[in-house]
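**Student:** On the provided structure of chain A, position chain B as indicated by the hints.
Chains as they are written, first to last, in our numbering: chain A, 20 to 208; chain B, 5 to 334.
Keep in mind that the hints were calculated from the coordinates and are not lab data. Think of the CB as a built atom: it goes at the ideal place given N, C-alpha and C, for glycine as much as any other residue. Careful, some of the hints might be misleading.
[Stated by the list, open to error] Below, a sample of chain B positions facing chain A; criterion: calculated Cβ distance under 8 Å:
1) S174
2) K200
3) V201
4) F278
5) I285
6) T286
[Unchecked claim] DEER-style ranges, computed between Cβ atoms:
7) K158/A with K250/B: 49 to 55 Å
8) R36/A with E71/B: 36 to 42 Å
9) L330/B with Q135/A: 52 to 58 Å
10) E53/B with K105/A: 52 to 58 Å
11) S189/A with R316/B: 57 to 63 Å
[As the list claims (entries may be wrong)] Away from chain A, derived, C-beta distances all over 12 Å, residues of chain B:
12) R17
13) L42
14) K54
15) Y108
16) R173
17) K247
18) K328
Residue-level listing of the chains:
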Amino acid sequence: MQDKTSKGGFLMVIEFRELTKEEESIFKESLDYWLTDTTLIENFKFIIGEGNWKEVFVATDEVIESLSKYSQITPYSTGLGIGEIKEGKFLLSLSGGSFISKYTNKKVVVNKEAEQLFLYKRNILGKSIHKIHESIEEKDKFLVFSKNNDYLGIGQLLVDKSLLTKLEFSEKNVIKNIIDLGWYLRKGK
Amino acid sequence: MTSYIGCVGMDTRETKDLAEKYGYLHETIERYVQIFGLKETTALLKGYEKKPKKSIRVNELKILKDELVERMLNKGFIFENVEWYNNGLIIEKAPFSLGSTTEYLSGYYFIQSIASWIPTLVLDPKPREIVVDLAAAPGGKATHIAQLMRNTGLLYCLDISRERIKSLRSNLARCGVLNSVCIRMDARKFSNYDIKVDKILLDAPCSGEGLMAIDASRRKSRNFEDIKRMSELQKELFSTGIKSLKKDGILIYSTCSTSPEENEEVIDWGLANFPIKIENITLNDFSPGLTAAFDKQYNPDLKKAKRLYPHRDNTEGFFVCKIKLLKEVS
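Isolated chain A (complex conformation):
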C-alpha cells in the first residue's frame, strides 16, 4: 500500500473500490439520519478510497469507470470526499455537508455575527441561534447555516434544547464548532 517517494519518505497510496455491503449499510444508516430525501443516494455513485483511513467519495459514472479501466493509475483523490467510515460509523466531512445541504432538515440557522465567528472556528452562543430544527436534540450533529441560507459547516448541540431560550444560556457556548468553511483558508491552501 505504500510507495516510496523521491525524498525517501513514504507516500500513502489510496486504493479506490466499491463499498462493501457492511460499509454500504453504515453509510445508508448515517444518511437516514441526515437526509429528508434519500433519492440523493440513488442519483449519485459512491466509492471508497482506502489508505490510512476509509473515505467515501461521490463521483461521476465516468470517474468510477476510469478507476477500474485504468487500474495502474493511483489517484490522490477522486470526485468529492464526503466523509469517513470509522469504527462502524460514517462521519460527514466539511464538503460532505455542502453536498447534502439541500437535502437535510438537520439545520441550525445563526445570525450574522455568529456566522463570521463560526467561520473562524468559534462555537456559537445561545443568543446567536436564529432557528433550530425541531428534530435536533442535545449532542446531535447538524449543518450550520447563515440567514442567507449559506451552509457554513457542521455543529453539535451541547445543551438540552429546552434551555436555549433561557437567558442564562444567551452568552454561553451552546453549539460546538465541529468544522467550518474557514478550514479552506486555514488548512486547505
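**Tutor:** Frame of chain A; chain B shown alone:
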C-alpha cells in the same frame, strides 16, 4: 555573452537606461526591444508598472451570477462586467478581502485573473467529455473546466507537487467538483498510461515573464537560461499532451510568459513533429502570435495564436494557442 541575439543597430545606452529605470536585467530589455521594438517595449514596461485589476469567475456549479452580484453589491463590492465572458467580473471596489467572504468560502466564485479564463474558454470543454489538465494546481482552470462540463464526464487533474495538489483538492472541494481524478505525478509521463482523451489543457509551467507587474522580483531573477530550460520542459509536456489526444482532439497551450521561446517556438516545434494544426481563436480581439522573432521564422499559422499584454489588454502577459490533432500518435 548570450547567444540568442545579434543586437544589430541597437542603441545599448537606451536599453541600459530602460533596464535601470524599470529594474530589469539588461538582457531582458534587449530581448524585448528585438521582439517588439523600442517604442512598444517602453509601453510594455510602463504596463508592467501597474498591477492588473483583480477579477473573479462566478462558479455556476454553486450559484448564478445575478444572485452573487446582488449579494456582493450589498456588501459594498463594485464590479465591472467583461464583454467577452459573462461569468467574469472585474473588481472595481473591494471593501475587504475577496478571499475571506462567506461567498468565497462557499465556492461561489474563484479569484482568478482575466487572462486565466481564456485557455479554458478556448478549450470549450463539454459535458460528458474526457479532459486533462496537465498542470492543474491550484485549480483555477480545473474548477472552470468542471463548471463548463456541468460537473459530468471525467477531468484528470495532474500536478507533481505534494503541497500544490493539497491546495488543488481543497479548491475542487470548495467549488463542489465531482468529476475530477487528481493524480500526483510528473505530467510528462501521462502518455505512458495510453489514455486517449477529448481535450487537454496545458497551461505550462513557465518563466512567468508575463507576471512582472504582480511579482516585480521576477524582473531580475529570471534570465535567458530560465527561459531556455522552461522551453525544453514545455516541449516535453506538449509532446505528452499530443500523444494523449484522440484524433480531432483539442489541446490548448498557454503560458503567462511573452517570450517566443516558451510559446511560438514550442508550437513551431510541435508542428514540425506531430500531425497537428493550429485553429483560430475567435475570443475577443487580442494580439496575434508572432511569426518571427530574433533570427527565427515560425510557421505562419502562429498568427492564429493570441498574445495578451499589460499595456494593450490590462492583463498580465499571456499566450494561448489552440491545437487540433489530425491523426492519433503514440
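**Student:** So, for every hint listed, does it hold in this structure?
**Tutor:** We went through each hint and held it up to the structure:
Contact between S174/B and chain A, as hinted, is supported at the beta carbon level, the nearest pair being about 3 Å apart and thus within 8 Å. Because the closest C-beta pair between K200/B and chain A is about 11 Å apart, greater than 8 Å, the hint is violated. At a threshold of 8 Å, the smallest CB-CB gap from V201/B to chain A is about 10 Å, leaving the interface hint violated. The beta carbon of F278/B comes no nearer than 23 Å to any beta carbon in chain A, farther than 8 Å, and the hint placing it at the interface is violated.
Residue-level restraint check for I285/B is violated (minimum Cβ-Cβ distance to chain A is 28 Å; threshold 8 Å). The criterion of a C-beta within 8 Å of any C-beta in chain A is not met by T286/B, whose closest approach is roughly 29 Å, and the hint is violated. Range check, K158/A to K250/B: Cβ separation about 54 Å, and the 49 to 55 Å hint holds. At about 39 Å, the CB distance of R36/A to E71/B agrees with the hint of 36 to 42 Å.
Range check, L330/B to Q135/A: about 55 Å between beta-carbon atoms, so the 52 to 58 Å window is met. In this structure the hint that E53/B and K105/A lie 52 to 58 Å apart at CB holds, the actual value being about 54 Å. The beta-carbon spacing between S189/A and R316/B, approximately 59 Å, falls within the hinted interval of 57 to 63 Å. Its beta-carbon lying about 46 Å from the closest one in chain A, R17/B satisfies the requirement of being farther than 12 Å from that chain.
Residue placement check: L42/B keeps its beta carbon more than 12 Å from all beta carbons of chain A (closest about 42 Å). Every Cβ of chain A is farther than 12 Å from the Cβ of K54/B; the closest lies at roughly 27 Å, confirming the non-interface assignment. Separation of Y108/B from chain A is inadequate, the least Cβ-Cβ distance of about 8 Å not exceeding the 12 Å criterion. Distance to chain A contradicts R173/B as a non-interface residue, since its nearest Cβ pair spans about 5 Å, not more than 12 Å.
With a minimum CB-CB distance of about 15 Å to chain A, K247/B clears the 12 Å threshold, and the non-interface call stands. With a closest Cβ-Cβ approach of about 23 Å to chain A, K328/B is found to remain outside the 12 Å limit, as its non-interface label requires.
Going through the hint list in order, the structure does not satisfy hints 2, 3, 4, 5, 6, 15 and 16.
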